[in-house]
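Novice: Residues per chain, in single letters:
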Amino acid sequence: MKFRYDKHNKYHRFGRTCVITAISLVVLLWVWWILSIVVQKGLDFNNSPLASPQDTFAALADLIKNGDPMEHRSLSSWVWSSLFKFLKGFVLALAVALPFGLLMGSFKTAKEFLSPWIEILRPIAPIAWAPIFVIMFQATNGSVMVVFVGIFFPLLTNIIFGVEKIDKTLVDAAKTLGASNGQIFLKVLVPSTIPYLMNGIKIGLGIGWMCIVAAELYNTTLSGIGYYVKFMIDNSSYDYAFAGIILIAVLGLLTTGVAEYLSKRISKRMGMDV
Amino acid sequence: MPEEQTLITAKEPEKKPMAEPEKKPAAKQPKERVRADRTDELYKNIPEGDTLMKIDHLRVVYKTDESETVAVDDFTLDVKKGELISIVGPSGCGKTTILRCIAGLLQPTSGKITIGDKECAGPGSDRGMVFQDFALFPWRTVRQNVEFGMEIAGVPKEERTERAMRYIRAVGLEKFADSRIHELSGGMKQRVGIARALVMHPAVILMDEPFGALDAQTRNIMQEQLTKIIQHSARTIIFVTHSVDEALFLSDRVVVLTKRPSTIYKVIDVPWKRPRDRASPEFTALRKQILNYLEVQNVMEG
Ligand SMILES: Nc1ncnc2c1ncn2[C@@H]1O[C@H](COP(=O)(O)OP(=O)(O)OP(=O)(O)O)[C@@H](O)[C@H]1O
Ligand SMILES: [Mg+2]
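Order-wise, the sequence lines are chains P and X. Per my numbering, residue 1 is the first one in the first sequence, and the count goes up by one each step. Per my numbering, residue 1 is the first one in the second sequence, and the count goes up by one each step.
For the record, the hints were derived by calculation from the structure and aren't laboratory data. Keep in mind that a hint or two might mislead.
Just some of the chain X residues that point at chain P, by a computed CB distance under 10 angstroms [unchecked claim]: (1) Gly104; (2) Gly128; (3) Phe148; (4) Ala153; (5) Ile181; (6) Ala197.
The beta-carbon is built from N, C-alpha and C at its ideal position, and this holds for glycine as well.
Working from the sequences, and respecting the hints, build out all of it.
Specialist: Okay, structure coming up:
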């Protein structure tokens with residue numbers, strides 16, 4: 001039986017995507033494997049810092065089963081502490097960006113006044129604050145604050161943008177139906193900003209996840225997946241370090257994937273495409 | 001559709017007299033935005049055919065950095081209770097501007113608008129509006145859109161739903177009551193817009209080219225539907241349109257505007273009973289006459 005690819009059949013399209021992704025991943029593993037050999041042989045390492053795929057996956061299996069090789073802490077305890085800090089930073093960023101975004105989007109004076117602050121602070125890489133924050137707030141809360149900075153700016157700019165993009169005729173319509181300014185805020189402005197907020201959350205989560213891992217490298221306490229990687233490298237367990245890096249990638253993919261899905265669903269529910 | 005007609009004529013449940021918007025001296029502008037439901041009842045002592053709304057020497061100047069545009073100059077019009085009055089005029093002459101002033105969405109440079117003996121300042125639910133580009137809330141369903149004004153006015157949930165459904169049926173959208181706006185065609189969207197304005201029983205309804213975005217056939221259907229609705233429950237409507245044909249088909253009077261700055265050029269009475277026959281000789285004759293007036297405007301400009 002002969003198989004014919006039909007680009008108008010969505011199952012065919014999906015199958016095609018799966019096959020290409022699988023091949024791509026296999027090629028990636030192969031490139032990694034070659035590179036690990038090249039680094040080890042070429043640079044003449046006994047214990048190469050670029051662990052090979054097979055060593056990494058063996059380490060990952062051991063990590064899942066028995067915890068890390070030094071402290072024998074379970075994988076979940078390493079991961080959870082990161083996720084928890086990440087979540088705290090996110091909630092904090094949302095709690096601050098929402099009122100400021102709505103304010104700056106609604107009132108020109110507020111925007112003009114606060115813009116210089118934002119423009120000065122925004123270009124600073126969030127991780128540049130890590131050493132200071134770790135001293136100021138201790139390791140755990142210091143990492144939370146780095147995540148906060150990372151998520152805050154994309155959230156803020158997207159909320160401001162959303163408020164400014166509001167369809168003026170919808171506001172007019174609400175006025176002719178008698179809505180007070182407060183009611184317009186709650187029943188028109190807030191709902192129409194939500195898809196933009198979701199877009200900000202989507203971008204923010206990606207940045208936040210990078211921030212938490214990076215910030216944990218400055219930690220001194222045994223907590224978090226970022227610190228785990230540094231801990232393993234300090235002990236020359238490169239294969240275990242790489243196992244951690246793979247976990248970071250997978251978790252990052254999961255958070256942004258979930259955010260992407262939610263943001264699509266909500267935009268559709270609100271009848272808008274951002 | 002007989003069912004539709006009974007729905008529209010069906011007597012709406014009596015409501016307790018509502019709090020009257022406070023009567024301040026006419027010169028003082030009321031600060032509070034009118035957000036009551038059924039504002040038409042405030043003027044029920046005015047008989048049909050008497051003046052309900054006065055637009056007095058309206059003048060609007062748009063100022064930009066480089067220039068001043070006089071959009072409307074000395075526009076004076078009395079709107080009678082229960083009539084549908086159309087405004088036609090050359091493109092860009094200031095029709096939307098006039099309507100936005102009446103709605104309170106735009107502060108006129110000078111002039112005064114009163115309903116009954118109450119001066120209008122700022123927007124309020126006593127002047128409902130139907131927008132050319134629909135202006136429906138995309139995150140709400142059809143029914144929730146129609147309920148919006150009643151929500152604002154604090155109408156209890158049950159009455160709200162019941163009344164919204166009655167108007168949704170009246171415009172023939174009962175199957176789509178729980179649909180979202182993006183699932184509707186243009187004509188269906190504007191029916192939601194009309195139901196949303198009608199259900200509030202405003203004293204005056206303003207329509208800015210409500211059928212302008214629709215294709216010719218849908219447009220005719222909508223015109224007939226609107227005719228039916230106003231035949232069964234009299235409403236005071238100011239209707240802006242580009243189409244002389246539409247104006248003659250729908251209205252009791254047609255106001256022809258001059259080129260910008262727009263003032264009134266002619267007011268034409270249309271005495272015929274509804275529904276009207278567009279092919280009748282008197283219809284075509286009057287249309288020709290109004291088109292001539294508009295032609296004169298364009299020539300004068302040149
Ligand atoms: N916000 C504004 N600022 C400056 N000029 C404006 C503004 N709005 C309208 N105008 C000008 O005022 C004039 C009247 O505009 P308006 O929209 O009221 O006309 P219209 O009769 O509704 O036009 P159309 O037939 O195209 O709908 C136009 O010349 C327009 O350029
Ligand atoms: Mg217009």
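Novice: Have a go at the X:Phe148 hint: is there a Cβ in chain P nearer than 10 angstroms to its own Cβ?
Specialist: 6 angstroms, holds
Novice: If you take the shortest Cβ to Cβ gap from X:Ala153 to chain P, is it below 10 angstroms?
Specialist: 6 angstroms, holds
Novice: Have a go at the X:Ile181 hint: is there a Cβ in chain P nearer than 10 angstroms to its own Cβ?
Specialist: 6 angstroms, holds
Novice: Does the nearest C-beta of chain P fall within a distance shorter than 10 angstroms of the C-beta of X:Ala197?
Specialist: 8 angstroms, holds
Novice: At a threshold of 10 angstroms, is the proposed contact between X:Gly104 and chain P supported by beta-carbon distances?
Specialist: 7 angstroms, holds
Novice: Was the hint right that X:Gly128 lines chain P, CB cutoff 10 angstroms?
Specialist: 6 angstroms, holds
When the structure is compared with the earlier hints, no violation turns up for any of them.
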